[in-house]
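Novice: Top to bottom, those sequences are chains A, B, C and D.
60 is the number that my numbering gives to position 60 of the first sequence; each next residue is one higher, with no gaps.
301 is the number that my numbering gives to position 301 of the second sequence; each next residue is one higher, with no gaps.
105 is the number that my numbering gives to position 105 of the third sequence; each next residue is one higher, with no gaps.
153 is the number that my numbering gives to position 153 of the fourth sequence; each next residue is one higher, with no gaps.
Hints are computed from structural coordinates only; laboratory data are not their basis.
Careful, some of the hints might be misleading.
[Stated by the list, open to error] Listed next, with one range per pair, are the computed distances between beta-carbon atoms:
| # | chain 1 | residue 1 | chain 2 | residue 2 | range |
| --- | --- | --- | --- | --- | --- |
| 1 | C | L290 | A | Y90 | 24 to 32 Å |
| 2 | B | P42 | C | D321 | 40 to 48 Å |
| 3 | A | N33 | B | D178 | 49 to 57 Å |
| 4 | C | L346 | A | I176 | 50 to 58 Å |
| 5 | B | D62 | A | Y90 | 45 to 53 Å |
| 6 | B | M289 | D | K327 | 41 to 49 Å |
[What the hints assert, rightly or not] When the alpha-carbon atoms are kept at most 30 Å apart in a straight line, the in silico DSS-like pairs for lysine-lysine are as follows:
| # | chain 1 | residue 1 | chain 2 | residue 2 |
| --- | --- | --- | --- | --- |
| 7 | C | K246 | B | K282 |
| 8 | A | K327 | D | K313 |
| 9 | A | K313 | D | K340 |
| 10 | A | K296 | D | K114 |
| 11 | C | K287 | B | K282 |
| 12 | D | K246 | A | K296 |
| 13 | A | K313 | D | K109 |
| 14 | C | K98 | D | K233 |
| 15 | C | K150 | B | K323 |
| 16 | D | K313 | A | K313 |
| 17 | A | K282 | D | K109 |
| 18 | C | K114 | B | K313 |
Cβ atoms here follow ideal geometry from the backbone N, Cα and C, with glycine treated the same way.
Number of protein chains: 4
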Amino acid sequence: MRTTITLITLCALLSLGASAQNVDKVENDILDNYARTEINLPQVDGLLPLKADLHVHTLLSDGAVWPTVRIDEAWRDGLDIVAMTDHIEYRPHNGYLKSDHNASYIIAKPTAEKRDILLIRACEMTRAKSEGGHLNMLFINDANPFDTEKMEDAVNEAVRQGAFVTWNHPGWPDNICDFNPINAKWIKEGKIHAVEVFNEKDYYPYATTWCNEHNLAPIAASDVHPAIRDLYKVGVRRPFTIIFAKERTLESVRSAMNARRTLAVFNNQVAGNEELLVKFFKASAIKEMLLNGSYKLTNNSDIEWVTNFGVIKANQTIMVDEKNAQKPIEVYNFYPSHTKSLVVEL
Amino acid sequence: MRTTITLITLCALLSLGASAQNVDKVENDILDNYARTEINLPQVDGLLPLKADLHVHTLLSDGAVWPTVRIDEAWRDGLDIVAMTDHIEYRPHNGYLKSDHNASYIIAKPTAEKRDILLIRACEMTRAKSEGGHLNMLFINDANPFDTEKMEDAVNEAVRQGAFVTWNHPGWPDNICDFNPINAKWIKEGKIHAVEVFNEKDYYPYATTWCNEHNLAPIAASDVHPAIRDLYKVGVRRPFTIIFAKERTLESVRSAMNARRTLAVFNNQVAGNEELLVKFFKASAIKEMLLNGSYKLTNNSDIEWVTNFGVIKANQTIMVDEKNAQKPIEVYNFYPSHTKSLVVEL
Amino acid sequence: MRTTITLITLCALLSLGASAQNVDKVENDILDNYARTEINLPQVDGLLPLKADLHVHTLLSDGAVWPTVRIDEAWRDGLDIVAMTDHIEYRPHNGYLKSDHNASYIIAKPTAEKRDILLIRACEMTRAKSEGGHLNMLFINDANPFDTEKMEDAVNEAVRQGAFVTWNHPGWPDNICDFNPINAKWIKEGKIHAVEVFNEKDYYPYATTWCNEHNLAPIAASDVHPAIRDLYKVGVRRPFTIIFAKERTLESVRSAMNARRTLAVFNNQVAGNEELLVKFFKASAIKEMLLNGSYKLTNNSDIEWVTNFGVIKANQTIMVDEKNAQKPIEVYNFYPSHTKSLVVEL
Amino acid sequence: MRTTITLITLCALLSLGASAQNVDKVENDILDNYARTEINLPQVDGLLPLKADLHVHTLLSDGAVWPTVRIDEAWRDGLDIVAMTDHIEYRPHNGYLKSDHNASYIIAKPTAEKRDILLIRACEMTRAKSEGGHLNMLFINDANPFDTEKMEDAVNEAVRQGAFVTWNHPGWPDNICDFNPINAKWIKEGKIHAVEVFNEKDYYPYATTWCNEHNLAPIAASDVHPAIRDLYKVGVRRPFTIIFAKERTLESVRSAMNARRTLAVFNNQVAGNEELLVKFFKASAIKEMLLNGSYKLTNNSDIEWVTNFGVIKANQTIMVDEKNAQKPIEVYNFYPSHTKSLVVEL
């Protein structure tokens, strides 16, 4: 005899759970699956678009979470690279902790290996703006020697350890983003190599222009202190730096940064070198001509475009009609400098 | 002269950000506002429906976050009460920490006061199932004396301190939910006062029936170890216990728990005493008769209903037509015991 | 013998569906439940906050859906009142249709009764801006006599039928929102009674001020042509007018409109009479003083607030600290005129 | 002199809108952008995975929307092909309409050309189950001759016009999915070429097996009557058939259907020929070995997988650890027949 069953997913299980007399446990499918969500971005000139958050904090300085959490978050957020940049000077939980300045790196390392995340040993110098402000020392060997009285000494220690140095949130905390003398001097001397164009929720337009004028790598970083999902609204991707590397290794990442092959990405805005931006945009775009002279334009990347033809989200296609088909595309959310947005001919 | 301006929100700001030459900083509206989202539930018999998570972990035992994070999370999740229940026996971060068993309470207390969250001093005993399994000791004065060799001694310490004791996840870890002899004995002796019907992602149907048979308070708790938003899928509310209290004070909460005035809520399922469930449902329901004999039924609470008339989400209204208007409402996701769901006449 | 089952919701059903040999059909829980989502707004002076969309189109003029769809949409969107305002002059589907100007009302009426939606018979006059632009004739008896050559005749027909007349999108299509002579004349003569401050995606700031100066009722309307869910982004509530009525009847609605007791709501912005706005805000706000001089402020309505203390969404609570506790609340998204936002003392 | 401006997106615009005295109109960014969201699926054997909804209704029979709406919806949903299948026998709006059975195709055609959607001329025969039930006649030249008294005559008309015939929702309306004699006869005679495995919200497991046994093409279709976004919950993709075609032309689509190169997709479940399913899965999967013997598995398609290693959503990666690395992948939501799910070795 045939049996006919009609099921409604939720009701079926709920009533099953409630009434079945021999069920010891009902597991509900409510936990996050802890999978990694990839960020789809195109290669440029055959180089891999690795994604990095080069500025995060943990409980070892003034963050609220254990260092391993930063790796789990990076895995889930589709990042390839994390730099553990706890403050040297500010460690409010010291009354309950026993650790030196390398602890966050050491604690995070095994999880990073398990998660296949590239982990950069680092620290953050934390001074007044007039003394150089906040600088991240990346690719260091030992964070403890950075615990110096004078900022100058820390900068020279960075030189000694061959560090890559980024100037953080240059308009913080006074909302004035000026090219102040002490940082200008270190940039001129080749001791600062990059600047944050985007930090947490903030965009510093001038910093993009500084990258052009002083050969700095543009950086976007979260500077996260709480859990990352506690910081941003649901659906917002954290700021990250695209590093165009030959291979997915720390050596290759360092080479790419030395060559300033980075783009800074933040809330669907991208800042960086104009030539690289154009290549990156073109590598993301699919243009299909139609018989009537119009064309279909597809955004084949996970970064939304705001254009003269309208908004084109990740994975979306618009129709550009015949009378607009000869016009260049203005990409309002791609910034080659603080005075203009990108214009591209496909 | 009149000026006409047409603005498109996002484009306007982005291009403003990109092209304006005198802007030092553009703040993007991407951060979570850290506000509290209220959980709307009805009063029953004039009693306040306070919401509690009575089982959470922090870095002081095997959690991944600092104790203050649990308060911030509770504030944002609309909870009124948190019990800080770090394990006595399992503290994997001890190599980096210096603290006794009261630390998580002491660290969290000032934030709890600032956030107006009622904080219960507590700890979790963590033994094999055959030795009593996991028990939360709530409303204690000092967690350190619970660091005993024998579970029996800890249970007696709970008696000494006047604790309220909950039996946690009774079907864990072997998926067998049986009323084992040692816990049965303590329940009989009045030393265990409540049982988790819901824990993290799991529902233990038998536990609802035990509440009826042995005068236990039904509990729902997250047992969270990572950040709460890392644990659950977006949009899922964590398990919580409704405690029907006269006032929003710890004394009143304790009285309500002593009187077993609790309902356990989890993934839109509610378990507890049948009489209380009926009152709770009726206090949430608005019935409006129409001229043709049909009626409108509104769910005026934040807990979804799965009924014989369909799913009715929070704040939703359905039309019950004339020919069904005399039928009772079967609420498939309200459990007065493990063998049936709730039936209500409005 | 005891049986132990562990279920994961989705997997369980999918594999059940796939492998069970005696299942003829598996219904997936993927359909919208067609329930009504209520919009929670407070009463003011004991008057009901009825919600109306007074401007919608159907296939009978240049819309894309059948008139009954507008009722189903209104039900699901939590509205109480709809006016069916098909164009008199523009009916592009006439080659396939046979109908007069009352058809959309007549077709929609039985569904409106079933859904308990108040349906207003209406039509839209559709002329050049210099001839009076677009006017909605609400509460008419017969739409056919409005098929006149001159707009003046239609306006006088409205007087004859006792219609309530709204001036639609006053800055359309040229983006100039001026108080043009012909409409000014009709307003002065008492033949136009209301003006759309908000229409579809557009806000006309001057119109709010006109309401104050010329005793017009402020209106917000969708002017929808496609299906409503095709028009707006997911999560955006359509524009609607709150009509503060004594009862939920068309007579009471008309009285309220005659008395200009309306507020216009659009994308979480509210425009209208200052006194009414203040009452409405206060009726939505819950202020709870704390011992330290700070207070909790809860938004007990479904309209988000953008204030000097931050964004407070529906159902959210913020903490206003002691040093701000004496300051008035500036509500940036409540507009009593085009030159200022609301300031309230609680 | 330098000017410093700090902007918060929403507040800035709202207060600008409210207070600026020279703004005639503020356009809010709340409309859907009407772009097309692509469905990313892999090619198989160099064939294009075209996406089709072969069963939709319009106002010309018992649908609620105009035929052009079905094209706009298909564009936005990322479909390539639509068949306009209005009922021959059921046209409840005839009192208001003047049209023959080809009208929905003729009305939709210009929009289909503009949107670059392949439009199949079609109709649906609508009889009792015992008379053959519901059959879609696809790729016809003229729908009017199908208005016959006997179903047999319509089936023979399909043969005359060279139609491709699908058997719709075989378990409807009695929830019995049996291979009834009349349809069995037409299948045997080569007059029915496909069967709906999925229709609207329903899955008919036996139909998958019939495809294997009788060389039928598996079909998934929405059978939509209201606007598509009114039918399904937000976030649910409608059922669609993947047709593996050499080119994106109707001729190529027909060839592929003749060759039974289709897969039926519905609520992240995929049914079809086992060999094709395996190829399709493998073409979607990226496996990256790690040094420790574990591997990363990425789902490079827009169809979620439910596997023995957990749920892997579109664009997600999981880690398969060393001890599981030799196990085959069981894909619980891929159905090669009604008795089993897919097992793949990568």
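Novice: Evaluate each hint against the coordinates.
Specialist: Now the hints, each set against the structure:
Taking the beta carbon of each, L290 of chain C and Y90 of chain A are about 30 Å apart, inside 24 to 32 Å as hinted. Range check, P42 of chain B to D321 of chain C: Cβ separation about 31 Å, and the 40 to 48 Å hint is violated. Between N33 of chain A and D178 of chain B, the C-beta spacing of about 30 Å breaks the proposed range 49 to 57 Å. A hinted range of 50 to 58 Å for the beta carbons of L346 of chain C and I176 of chain A is inconsistent with their spacing of about 36 Å.
With their beta carbons about 27 Å apart, D62 of chain B and Y90 of chain A fall outside the hinted range of 45 to 53 Å. Range check, M289 of chain B to K327 of chain D: Cβ separation about 60 Å, and the 41 to 49 Å hint is violated. Restraint check for K246 of chain C and K282 of chain B: the C-alpha separation of about 27 Å stays at or below 30 Å, so the hint holds. Pair hint K327 of chain A plus K313 of chain D does not hold up; C-alpha atoms about 38 Å apart against a cutoff of 30 Å.
Only pairs whose Cα atoms come within 30 Å are accepted, and K313 of chain A paired with K340 of chain D is rejected, the gap being roughly 38 Å. For the hint pairing K296 of chain A with K114 of chain D, the CA-to-CA distance comes to about 11 Å; that is within 30 Å, so the pair holds. With a C-alpha separation of about 28 Å, the suggested pairing of K287 of chain C with K282 of chain B holds against the 30 Å cut-off. For a cut-off of 30 Å, the pair hint linking K246 of chain D to K296 of chain A stands: about 20 Å separates their Cα positions.
Between K313 of chain A and K109 of chain D the alpha-carbon distance is near 28 Å, which keeps this suggested pair within the 30 Å criterion. Distance check on the hinted pair: K98 of chain C and K233 of chain D sit about 35 Å apart at the alpha-carbon level, beyond 30 Å; violated. Only pairs whose Cα atoms come within 30 Å are accepted, and K150 of chain C paired with K323 of chain B is rejected, the gap being roughly 52 Å. The suggested pairing of K313 of chain D with K313 of chain A holds, with an alpha-carbon distance near 19 Å, which does not exceed 30 Å.
Among the hinted pairs, K282 of chain A with K109 of chain D is inconsistent with the structure: their alpha-carbon atoms are about 33 Å apart, more than 30 Å. Only pairs whose Cα atoms come within 30 Å are accepted, and K114 of chain C paired with K313 of chain B is accepted, the gap being roughly 21 Å.
Going down the numbered hints, you'll see the structure goes against 2, 3, 4, 5, 6, 8, 9, 14, 15, 17, while the others check out.
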